[in-house]
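**Student:** In this text, residue positions in the sequence shown follow our numbering: the first is -13, and each later residue adds one.
Don't read these hints as lab results, they were simulated from the structure. As the structure is a prediction and not an experimental result, all values here were calculated from the model. Heads up, a few of these hints could be off.
Said to hold, decoys possible - No farther apart than 30 Å at their CA atoms in a straight line, the calculated lysine-lysine pairs in the DSS-like style are these: (1) 82 <-> 21; (2) 104 <-> 21; (3) 20 <-> 66.
Claimed, not checked - Pair ranges (Cβ atoms, derived): (4) 87 <-> 32: 27 to 37 Å; (5) 92 <-> 34: 13 to 23 Å; (6) 37 <-> 84: 32 to 42 Å; (7) 113 <-> 70: 50 to 60 Å; (8) 63 <-> 113: 18 to 28 Å; (9) 63 <-> 106: 15 to 25 Å; (10) 109 <-> 70: 19 to 29 Å; (11) -10 <-> 87: 35 to 45 Å; (12) 113 <-> 32: 26 to 36 Å; (13) 87 <-> 108: 30 to 40 Å; (14) 19 <-> 110: 20 to 30 Å; (15) 53 <-> 102: 17 to 27 Å; (16) -11 <-> 89: 19 to 29 Å.
Don't be surprised by glycine CBs; every beta carbon is placed ideally from N, CA and C.
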Amino acid sequence: MLLRSLVLLLIVGGAYIAGIMTDIAQVSEFDTKKKIENSVEDFLAYPTAAQYRNVNYHMLNKTADGEETGYYCGEVFGFKNELPYGFKRFIVRYHKNAVGKTMVSIPFVEEIDDIIPKEQFELVWARYCQDNNQADLTENQPE
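Using the sequences plus the hints, can you model the full thing?
**Tutor:** In structure tokens:
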């Protein structure tokens, strides 16, 4: 009985130490591109049919300790009422904290969601998606 208790304690202790030493957030973290696509596809009627183009990253600010905030802007092709409605613009806010964990916002998708009116979408697009501070999603994206 004592030996069984010691073995169990050793196994539990080893598992605890291994859990502390493993950086689970980095292992299970999606890459940024996949996070953005998943966020947008949650608002589409047929997410498996989504196609993307002109997706760019626009950095808003970056702090000395490594935190970064920006916007991913692009176009997604989808369907509405089983008919193709063409490419619609989307905006997703991106944030990376000082330890490297990334978070994305609920996306604004042009004429698909009711989150903001079209006029507001145009203002947000003009402010955050039409500047020279951009990077192609497939190349210089934040890590």
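**Student:** Now, for every hint given, state plainly whether the structure supports it.
**Tutor:** The hints, checked one at a time:
As the CA atoms of residue 82 and residue 21 are separated by approximately 13 Å, the hinted pair is consistent with the 30 Å bound. For the given pair, residue 104 sits about 24 Å from residue 21 by alpha-carbon distance, which is consistent with the 30 Å threshold. Proximity of residue 20 to residue 66 is assessed by CA-CA distance (about 23 Å); at most 30 Å being required, the pair is judged to hold. Residue 87 and residue 32 have their C-beta atoms about 31 Å apart, which keeps the hinted 27 to 37 Å range intact.
Residue 92 and residue 34 have their C-beta atoms about 20 Å apart, which keeps the hinted 13 to 23 Å range intact. For residue 37 and residue 84, the Cβ-Cβ distance of about 35 Å falls inside the hinted range of 32 to 42 Å, so the restraint holds. As the Cβ distance of residue 113 to residue 70 is approximately 29 Å, the hint placing it in 50 to 60 Å is violated. The supplied range of 18 to 28 Å is met by residue 63 and residue 113, whose beta-carbon atoms lie about 24 Å from each other.
Between residue 63 and residue 106 the Cβ separation comes to about 23 Å, which falls inside the hinted range of 15 to 25 Å. Distance hint check: the CB atoms of residue 109 and residue 70 are about 27 Å apart, consistent with the given range 19 to 29 Å. Judged by the Cβ atoms, the range 35 to 45 Å given for residue -10 and residue 87 holds: they are separated by roughly 40 Å. A beta carbon spacing of about 30 Å between residue 113 and residue 32 agrees with the range 26 to 36 Å that was offered as a hint.
The supplied range of 30 to 40 Å is met by residue 87 and residue 108, whose beta-carbon atoms lie about 32 Å from each other. The beta-carbon spacing between residue 19 and residue 110, approximately 21 Å, falls within the hinted interval of 20 to 30 Å. One distance hint, 17 to 27 Å for the beta-carbon pair residue 53 and residue 102, holds here, with the actual separation near 25 Å. A hinted range of 19 to 29 Å is violated for the C-beta pair residue -11 and residue 89, which are about 48 Å apart.
Checked against the numbered hints given earlier, the structure breaks hints 7 and 16 and satisfies all the rest.
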